[in-house]
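Chemist: Guided by the hints, dock chain Z onto chain E, whose structure is given.
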Amino acid sequence: MTRFVLVLAAAALFAQPASATEIFEAEGAWVGEGQLATGAEAPLERGRCKVDIKPVEGNNDVSVTGTCAVAVGLSDISIRLVRSSSGRVNAGVWSAATGQTVQYSGTETDDMIDMSSTTELLIDDKPYDSQVRVTAPDADSFAIRQILRAKGADTWRLVVQMTYRKAGG
Amino acid sequence: MWLAVAAIVAFSLTGVFRMRFDDALVRFFNSDVPAFDHYVSVAQAFESDSTDVIALFEAEDLAAPEAVGATSDFLLDAQFIPGIRAVISPFSLRIVGEGGVQEPLFPFPPLPQDAMADRIDRAFSENDTLGRLMAEDRTAMVVILPITESGDNPSAKRRAQLEALEELAGKAEAASGMEIQLGGYPVLRDTVQAALVRDIVLLNAVGIFVGILVAIITFRSMRIGLITIPGPVLSALMVVGLHGHLGVQINTITITLPVLVLVLATSDSIHLTFERARQAGRDPTRAAVRAVRRVAIACVFAALTTALAFAALSLSRAEIIAELGRMGVISTLASVATVLLVQTVVFTAAARTAWFQREMDRLHDHMPSAFGLTRVSRLAIGMPRTVAWGAIGVLLLSTILYSQAGPRYSLLDSLNEDSPVIEVFNAIEEKVAPVSQLMVPIDTTDPEVVSRVHKVVAEATGNRFVQSLTGIDADAGAVNEALPDALARRFVTEDGDRTIVSVPFRYVSGNDTIAMADQIDAAIAADPELADAGVGPVTGLPVMSARVAGVVLSEINRSLIVALLGVVVLIYLWLGNLRIAVISLVPNMLPVTLIGAWLMLSGRGVEFSNGLALTVAFGIAVDDSLHVLNRLRLAGGVSAIDKARLTMAIQEVAPALVTTSLVLILGMSGVFFADNRSVADFGKIAIAVYGLALVADLLVLPAVLAVFGPKTYLRRRRES
Chain E
1 MTRFVLVLAA AALFAQPASA TEIFEAEGAW VGEGQLATGA EAPLERGRCK VDIKPVEGNN
61 DVSVTGTCAV AVGLSDISIR LVRSSSGRVN AGVWSAATGQ TVQYSGTETD DMIDMSSTTE
121 LLIDDKPYDS QVRVTAPDAD SFAIRQILRA KGADTWRLVV QMTYRKAGG
Chain Z
1 MWLAVAAIVA FSLTGVFRMR FDDALVRFFN SDVPAFDHYV SVAQAFESDS TDVIALFEAE
61 DLAAPEAVGA TSDFLLDAQF IPGIRAVISP FSLRIVGEGG VQEPLFPFPP LPQDAMADRI
121 DRAFSENDTL GRLMAEDRTA MVVILPITES GDNPSAKRRA QLEALEELAG KAEAASGMEI
181 QLGGYPVLRD TVQAALVRDI VLLNAVGIFV GILVAIITFR SMRIGLITIP GPVLSALMVV
241 GLHGHLGVQI NTITITLPVL VLVLATSDSI HLTFERARQA GRDPTRAAVR AVRRVAIACV
301 FAALTTALAF AALSLSRAEI IAELGRMGVI STLASVATVL LVQTVVFTAA ARTAWFQREM
361 DRLHDHMPSA FGLTRVSRLA IGMPRTVAWG AIGVLLLSTI LYSQAGPRYS LLDSLNEDSP
421 VIEVFNAIEE KVAPVSQLMV PIDTTDPEVV SRVHKVVAEA TGNRFVQSLT GIDADAGAVN
481 EALPDALARR FVTEDGDRTI VSVPFRYVSG NDTIAMADQI DAAIAADPEL ADAGVGPVTG
541 LPVMSARVAG VVLSEINRSL IVALLGVVVL IYLWLGNLRI AVISLVPNML PVTLIGAWLM
601 LSGRGVEFSN GLALTVAFGI AVDDSLHVLN RLRLAGGVSA IDKARLTMAI QEVAPALVTT
661 SLVLILGMSG VFFADNRSVA DFGKIAIAVY GLALVADLLV LPAVLAVFGP KTYLRRRRES
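Protein chains in written order, with the numbering used here: chain E, 1 to 169; chain Z, 1 to 720.
Since the hints were made in silico from the structure, they are not lab data. Since this is a predicted model, take the numbers as computed values, not measurements. Treat the hints with care, since some could be wrong.
[Claimed, not checked] To spell it out: a stretch of chain Z is covered by chain E in this simulated footprint if at least three of its residues, at any positions, have a beta carbon under 8 Å from a beta carbon of chain E; those stretches are: (1) 74–80; (2) 104–117; (3) 224–232.
[To be verified] Which bits of chain E does chain Z cover? Going by a derived footprint, with three or more residues having C-beta under 8 Å, they are: (4) 47–60; (5) 66–79.
Positions of the beta carbon are idealized from the N, C-alpha and C atoms, including for glycine.
Extracted from the complex, chain E is given alone in its bound form:
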């Protein structure tokens, strides 16, 4: 059986404008195109995400809600992203597929956000670590790359490779 895992949630997490650091000013609908893995060990397959970004408080707190789909189904996600003046970015990510909320923390630079999970992600009762990198390949899009590895393992697996553009753009 195929299990639609959480990684889709992370795929939507960084739906942000051209510069990876401008997400806190971003608002509106974004569409992601790329590949997703539907499980920790599952192969990558084509996926599409649609998310809505809304600022919550000022320009340092943003809410991201949306849905990611692959051929076998879709999953809702909800994310709260907060940054501090010191350049740290913290995120809480919930996914309907796993029913879990995973915490992420990392740093923000001019052209990239790098984050790592600070709480365990459980898939089939097995704990995983996760890392996410967001880049901005051109002025109208940004790309997300997420990797995953079992706790204590050496090798990372690519589970998300997705490029976002403004919906309707």
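Modeler: Frame of chain E, contents of chain Z only:
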């Protein structure tokens, strides 16, 4: 009286704006028949095919990269449409890749065409499921999309989802050259509903136009033709308004009520106009009232006989038929009151004008002809015994044949055979695989029981696509955890306590479906290992509908008998002469039994549309007999049948009978252009009944009155 007319207009118009349409696919079968309750309990616990939109994708080779890419786009975007609960497609399937790892059957980016073709061919040999979704020659595949049709205004939700899917299909076609068509029961319901809206406008527009035209031709006056129409139009409008105010939705069954009322009311109005012309020379107001008083009794009894036919239907165990019966009773009675009131007002008002007086005088002096049909009556009176006994012989023979006509039902009866919906159904089943489903519910998820039922069902049907927990090698818990609800409910209940074995099959007709369901039930009952295993009878929309249809169609036939007997009682109460009441059955039954015999001989059988049409049209067709008898009564010829009075009564009433029959026949002719096949069939049968009824009343009624009537002149002559 003007105030009363204004009140009726206001009531009707306010009701029209509250009118709603109902596709009635499942509600049609809402009844106390056990098969319906069983289906509802299973359909609530499990997911059936009744909400599945089935998209048929066709191309020269679906393994081509552009086809794969466009299909993938469609599948991803379709899931974002609000209400679409899942997608089931070949793209959901996995194949064992290099190193024994499960991979999507359709990888991304798409493979070159040859490589993809090889991969699909290999999947066919490894995975039976692919055969349910794709043709082995890769020219066709199906995508199943369960949609949402619940909550407020489900039809609007369904339309929005179908429109969004059609838009996506259009994009995919443009991008790839594929052809994509949408099918399935939601599309069927959507099509039926859209057709209902078109049909109700068409039927009533044609009815009004023809009513005016026939009246103008008959009375050879545009003005007289036009003043014949206000009562009938307002009657039809009021029937629609009644539906709106009472919250009764117009469906494929009740859609014909307004036009039936329209033609019946036009018929009454024409009789009133004929009688008003006979009263020419009297004081205008008294002439109008006297004309209405002389004809009203026949109009009221005609409405009563029609209402009686509807009342018989209101006893049906099927809610929708009973609803038609109740609305029919209310509509016909309200209609006759309306037409009598409105036409009295119209005649009184028109009588103040000089042209009306002139027209009435002209009509009085030169009554319209019966287009030569009085010769038919002369034939009857010329050789009454031959005609009467011949009619009785034909009646007996046709009754025997009619009694042999069995019930016939198909879920697709609502649509014409060349309807795109039916073509898509057929194309899916011919090119890919059957998509209709039989469901065998089991009160346990015990793998041994499920496996046994799966095996028995597969053997009994010879079907390799039987679907169950056994087929996907999973337990109830895993299915509920891993699959979205719309897919998991195709295997287990939400609580994981019950499961289902389903069988895809090609839907042909209700009778074939019942035969297959009985075959499965028998195989399960014959297996000792499944005794007391909690296996329920086979169900599903096709099975339930066929079983309920069988019961309801038998009821409709019983309703016809009740209506026949009711007419005898009504005529007896009216004329106080049992002999005439019984005799009048001969011409009134003949149209029904002749058409019933044709249904049997042609192999069509009794369907909902023609069964209802026979009952309802019988009630209306009795109208002609009542007007003949009324004319005989006015001539004082009921207690003893006298040749001169009988001849005079027929000659007097024949023009009105011919004219009103023309209105009934031509007024219903809009059915020939109806989008709903059941509406068209209903109308065609009704038209045939009206035509035969006219011949029977001009030919058979005078003959049977002359031969078997009370103190008839023939008997007196023989005795003397």
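Chemist: If a hint holds in the structure, say so; if it does not, say that too.
Modeler: Results of checking the hints against the structure:
Note: the stretch 74–80 of chain Z has 5 residues with beta-carbon separation from chain E under 8 Å; the three-residue rule is met and the coverage holds. Residue count for the stretch 104–117 of chain Z with a Cβ under 8 Å from a Cβ of chain E: 4. That meets the three needed, and the coverage hint holds. Figure legend: the stretch 224–232 of chain Z, annotated as covered by chain E; annotation inconsistent (0 residues with Cβ-Cβ distances under 8 Å, at least 3 required). Coverage of a stretch by a chain is defined here by at least three residues with a beta carbon nearer than 8 Å to that chain's beta carbons; for the stretch 47–60 of chain E and chain Z the count is 3, and the condition holds.
A count of 7 residues in the stretch 66–79 of chain E with a Cβ less than 8 Å from any Cβ of chain Z is obtained; the coverage claim is therefore met, three being the minimum.
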